[in-house]
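Protein chains: 2
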Amino acid sequence: MGTEIERKFLVSGDFRSSATSQHRIVQGYLTTNADCTVRVRLMDDKAFLTIKGSSSEDGLERAEWEYPVPVADAEAMLALPGIRSLAKVRFKVPVGKHVWEVDVFEGANAGLIMAEVELGSRDEGFERPEWIGREVTGDARYYNSQLLTKPYRSWE
Amino acid sequence: MGTEIERKFLVSGDFRSSATSQHRIVQGYLTTNADCTVRVRLMDDKAFLTIKGSSSEDGLERAEWEYPVPVADAEAMLALPGIRSLAKVRFKVPVGKHVWEVDVFEGANAGLIMAEVELGSRDEGFERPEWIGREVTGDARYYNSQLLTKPYRSWE
Numbered sequence: 001m002g003t004e005i006e007r008k009f010l011v012s013g014d015f016r017s018s019a020t021s022q023h024r025i026v027q028g029y030l031t032t033n034a035d036c037t038v039r040v041r042l043m044d045d046k047a048f049l050t051i052k053g054s055s056s057e058d059g060l061e062r063a064e065w066e067y068p069v070p071v072a073d074a075e076a077m078l079a080l081p082g083i084r085s086l087a088k089v090r091f092k093v094p095v096g097k098h099v100w101e102v103d104v105f106e107g108a109n110a111g112l113i114m115a116e117v118e119l120g121s122r123d124e125g126f127e128r129p130e131w132i133g134r135e136v137t138g139d140a141r142y143y144n145s146q147l148l149t150k151p152y153r154s155w156e
Numbered sequence: 001m002g003t004e005i006e007r008k009f010l011v012s013g014d015f016r017s018s019a020t021s022q023h024r025i026v027q028g029y030l031t032t033n034a035d036c037t038v039r040v041r042l043m044d045d046k047a048f049l050t051i052k053g054s055s056s057e058d059g060l061e062r063a064e065w066e067y068p069v070p071v072a073d074a075e076a077m078l079a080l081p082g083i084r085s086l087a088k089v090r091f092k093v094p095v096g097k098h099v100w101e102v103d104v105f106e107g108a109n110a111g112l113i114m115a116e117v118e119l120g121s122r123d124e125g126f127e128r129p130e131w132i133g134r135e136v137t138g139d140a141r142y143y144n145s146q147l148l149t150k151p152y153r154s155w156e
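Those protein sequence lines, which keep their order, are chains A and B.
Just so you know, the first sequence maps onto residues 1 to 156 in UniProt numbering.
Just so you know, the second sequence maps onto residues 1 to 156 in UniProt numbering.
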C-alpha cells in the first residue's frame, strides 16, 4: 500500500517537445463507488489491477494498491458486460525534480489533456511548467472514473 | 481466468465428522454491482483478491480471476471506510469424487451453513451427501456479497 498525493492541472501549452516517453493506455473500472475504485489497465504490453480508497476531503490523498496481472486476464475483464473503458496516451515529462504525467485522451474524451505531478508530501514544492493551465485537483469531473460515464465531449 | 461452475445447498446434517480441514475466512467486497464483484479475502495467514463477472442466467457459471496479495494490503482494504466484511469457518469435506466446501457463518449471519460443490462442466454428476438440504444455486440472497448488506439473521 501507498498513499498517493498528487496535483492535477489542465494543459494549455506545448509539453511534447520535452516528453521523454509515451505509452498507450486502455483502462476500465470494475467499480466506481464513493468508497473505492478498482481499475483494470492495459499499458503497452503490460496489465495492472489498481485499488484506490476514497479521497481525502481536499482530493489530495488516496490509499492505493497496484498489482500486475496477466494481459489476457485484463482484456477479459475489460470485455465483461457493463464495463466501460477509455483510451489515452500518457507522456512522461521531466520538470525540475519531478516527472509529470500528461494524459492525452481519445474517443469521447478527445480534446482533454491533463497533467499530474506526484508529491512525497502535501507541502512539497514543485516547479510549475509553462504549459499547465488551471488546477483541477479534487474536481470529481476530471477523475478518469467519471470521464467514463460523463465524457469530456458531453460537457457544456 | 477460469469459469466457475458450482452448485450451492443449505446444510441440514452432520458434515463435521467427515471434514478434513478447516480455515477461518474474513472477507469483504470492494464492489458488488450487477456486472462484477471484487472480493478481498483473508484466509488463515494468506490473502487474495478475487474478481468475478456476472453470473449466467441460471446462476451456475461466472468468470473468475484470483490473485494473491500481501496480508497487510488486504487488512488495509478491509479497513477502508464503507467496506463491510463477514466471517466464516470453511470446512473441506470429501464426498465421492468431489471435495465440498461447507461454510459456517458467524456474526450477523450466524445460523447459516452453506455447502458448495465445484463442477468441471454443467452436466457433471456428483454424489449428494446426506447432510445437504435445499439447493440455493442462483438465489441471490445467499450470495456472500448479499449477506453483507442483508445478513441471514435479518431475514424473516
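Please keep in mind that the hints were generated in silico from the structure rather than gathered at the bench.
Predicted, not measured: the structure shown is a model, and the values here were computed from it.
Errors might be hidden in some of the hints.
Okay, the calculated beta carbon distance ranges per label pair [what the hints assert, rightly or not]: (1) B:Asp-45 / A:Ala-87: 21 to 27 Å; (2) A:Asp-58 / B:His-23: 28 to 34 Å; (3) A:Pro-70 / B:Asp-58: 55 to 61 Å; (4) B:Trp-155 / A:Phe-48: 50 to 56 Å; (5) A:Ala-87 / B:Gly-82: 38 to 44 Å; (6) B:Asp-44 / A:Glu-118: 51 to 57 Å; (7) A:Glu-118 / B:Trp-155: 43 to 49 Å; (8) A:Tyr-67 / B:Arg-16: 32 to 38 Å; (9) B:Arg-16 / A:Ala-87: 49 to 55 Å; (10) B:Asp-45 / A:Gly-125: 24 to 30 Å.
All C-beta atoms in this analysis are idealised placements derived from N, C-alpha and C, irrespective of residue type, glycine included.
Hint-by-hint comparison with the structure:
In this structure the supplied range 21 to 27 Å is violated for Asp-45 (chain B) paired with Ala-87 (chain A), their Cβ-Cβ distance being about 40 Å. In this structure the hint that Asp-58 (chain A) and His-23 (chain B) lie 28 to 34 Å apart at CB is violated, the actual value being about 42 Å. With their beta carbons about 29 Å apart, Pro-70 (chain A) and Asp-58 (chain B) fall outside the hinted range of 55 to 61 Å. Distance hint for Trp-155 (chain B) and Phe-48 (chain A): a CB-CB separation of about 40 Å, inconsistent with the stated range 50 to 56 Å.
Between Ala-87 (chain A) and Gly-82 (chain B) the CB atoms are about 30 Å apart, so this pair departs from the stated range of 38 to 44 Å. As the Cβ distance of Asp-44 (chain B) to Glu-118 (chain A) is approximately 36 Å, the hint placing it in 51 to 57 Å is violated. The beta-carbon spacing between Glu-118 (chain A) and Trp-155 (chain B), approximately 47 Å, falls within the hinted interval of 43 to 49 Å. Range check, Tyr-67 (chain A) to Arg-16 (chain B): Cβ separation about 36 Å, and the 32 to 38 Å hint holds.
Against the hinted window of 49 to 55 Å, the Cβ-Cβ separation of Arg-16 (chain B) and Ala-87 (chain A) comes to about 53 Å, which satisfies the hint. Between Asp-45 (chain B) and Gly-125 (chain A), the C-beta spacing of about 43 Å breaks the proposed range 24 to 30 Å.
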